[in-house]
Amino acid sequence: MYANDAALDKVVTTTLAVTGIVGAILSFTPLAPIGVGLMAVSAVGTAGWKTFRGAYEGGAAGMLAGVVSGVANSALDAATEGMVSV
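Take 9 as the starting number for the sequence shown in the working numbering and just add one per residue.
Hint data in this document are derived by calculation from the structure and do not stem from the laboratory. Incorrect hints may appear among the rest.
[Stated by the list, open to error] Pairwise CB distance ranges (calculated):
#  : residue 1 : residue 2 : range
1  : D13       : T37       : 35 to 45 Å
2  : V20       : A83       : 29 to 39 Å
3  : T22       : L84       : 13 to 23 Å
4  : V49       : A14       : 20 to 30 Å
5  : T37       : L16       : 28 to 38 Å
6  : P38       : A15       : 20 to 30 Å
7  : N12       : F36       : 30 to 40 Å
8  : G67       : L39       : 21 to 31 Å
9  : V44       : N12       : 14 to 24 Å
10 : G67       : I33       : 36 to 46 Å
From the three backbone atoms N, C-alpha and C, an ideal C-beta is built for every residue, glycine too.
With the hints as extra help, turn the sequences into a complete structure.
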């Protein structure tokens, strides 16, 4: 991974993580529907990003690992209401 790739990866993953955290916080307020939406965007975005990065860096095996990681992250988000993720 090149330096620019690493920087972009950090920006995207941090943005998606912050989106999920904000969504989790909002889920305890009257803005819960927005919070749930943000958590879903975070989970789907993370799964998509990891899949893309896996395909970019590791071909088919890397893409499959990204999909598995994304699905596991989505399942953890759903089961713990965004409190635990990988």
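Okay, the hints, checked on the actual structure:
no.	hint	in the structure
1	D13 x T37: 35 to 45 Å	holds (37 Å)
2	V20 x A83: 29 to 39 Å	violated (21 Å)
3	T22 x L84: 13 to 23 Å	holds (18 Å)
4	V49 x A14: 20 to 30 Å	holds (23 Å)
5	T37 x L16: 28 to 38 Å	holds (32 Å)
6	P38 x A15: 20 to 30 Å	violated (37 Å)
7	N12 x F36: 30 to 40 Å	holds (38 Å)
8	G67 x L39: 21 to 31 Å	violated (42 Å)
9	V44 x N12: 14 to 24 Å	violated (34 Å)
10	G67 x I33: 36 to 46 Å	holds (38 Å)
Against the hints set out earlier in the document, violations occur for numbers 2, 6, 8, 9.
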